[in-house]
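S.K.: Numbering (the UniProt record's numbering), first residue to last: 1 to 126.
Keep in mind that the hints were calculated from the coordinates and are not lab data.
Backbone N, C-alpha and C define an ideal beta-carbon position, used for all residues, glycine too.
Incorrect hints may appear among the rest.
The calculated EDC-like cross-link candidates involving lysine to aspartate or glutamate, where the alpha carbons are at most 20 Å apart (straight line), are [to be verified]:
# : residue 1 : residue 2
1 : Lys38     : Asp89
2 : Lys38     : Asp82
3 : Lys12     : Asp82
4 : Lys12     : Asp59
5 : Lys38     : Asp59
Computed spacing ranges between beta-carbons, pair by pair [said to hold, decoys possible]:
# : residue 1 : residue 2 : range
6 : Asp59     : Gly91     : 19 to 25 Å
7 : His35     : Thr69     : 27 to 33 Å
8 : Pro40     : Leu80     : 16 to 22 Å
9 : Ser67     : Glu10     : 28 to 34 Å
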Amino acid sequence: TLWYQVFHEEGKSVTLECSYDSTNQYVDLYWYRQHPNKAPQYLLHKPARSSLSPGHISDRRFSSTTSDTSTQLTINGLTLADTALYYYDTGHTKKEQNEQEEAQKSTAKYIRKTKSRKAEEIVICV
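Please work from the sequences and hints to get the whole structure.
M.R.: Okay, here's the thing in structure tokens:
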């Protein structure tokens with residue numbers, strides 16, 4: 001388990017980055033966030049090995065880049081409402097799901113409020 005702490009002011013941008021392991025070339029990456037005592041909220045998804053494809057994004061403040069081994073989620077214009085647990089998951093295209101199952105590694109990131117009205121980023125990689 002890895003932990004990171006980074007402080008960000010409201011109105012600024014933050015980029016959350018995690019690594020993933022997959023030999024499957026048809027992997028899609030999905031980013032979610034979860035507020036305390038709430039259901040997970042879908043943020044975006046995109047093909048893992050397509051840094052050019054924007055994928056599907058639920059809010060224009062969120063963007064994502066990917067490589068063969070990592071994914072990044074950028075949140076622009078941070079607000080206290082962005083205080084949440086952030087995590088990603090991998091999925092396969094239907095074609096690939098029918099052909100093969102693959103173990104997935106997931107990562108969670110938690111941004112919480114501090115008294116100074118900054119957000120503290122705590123990253124948990126599993």
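S.K.: Are any of the numbered hints broken by this structure? If so, which, sorted upward?
M.R.: Of the numbered hints given earlier, the structure breaks none, since each of them holds.
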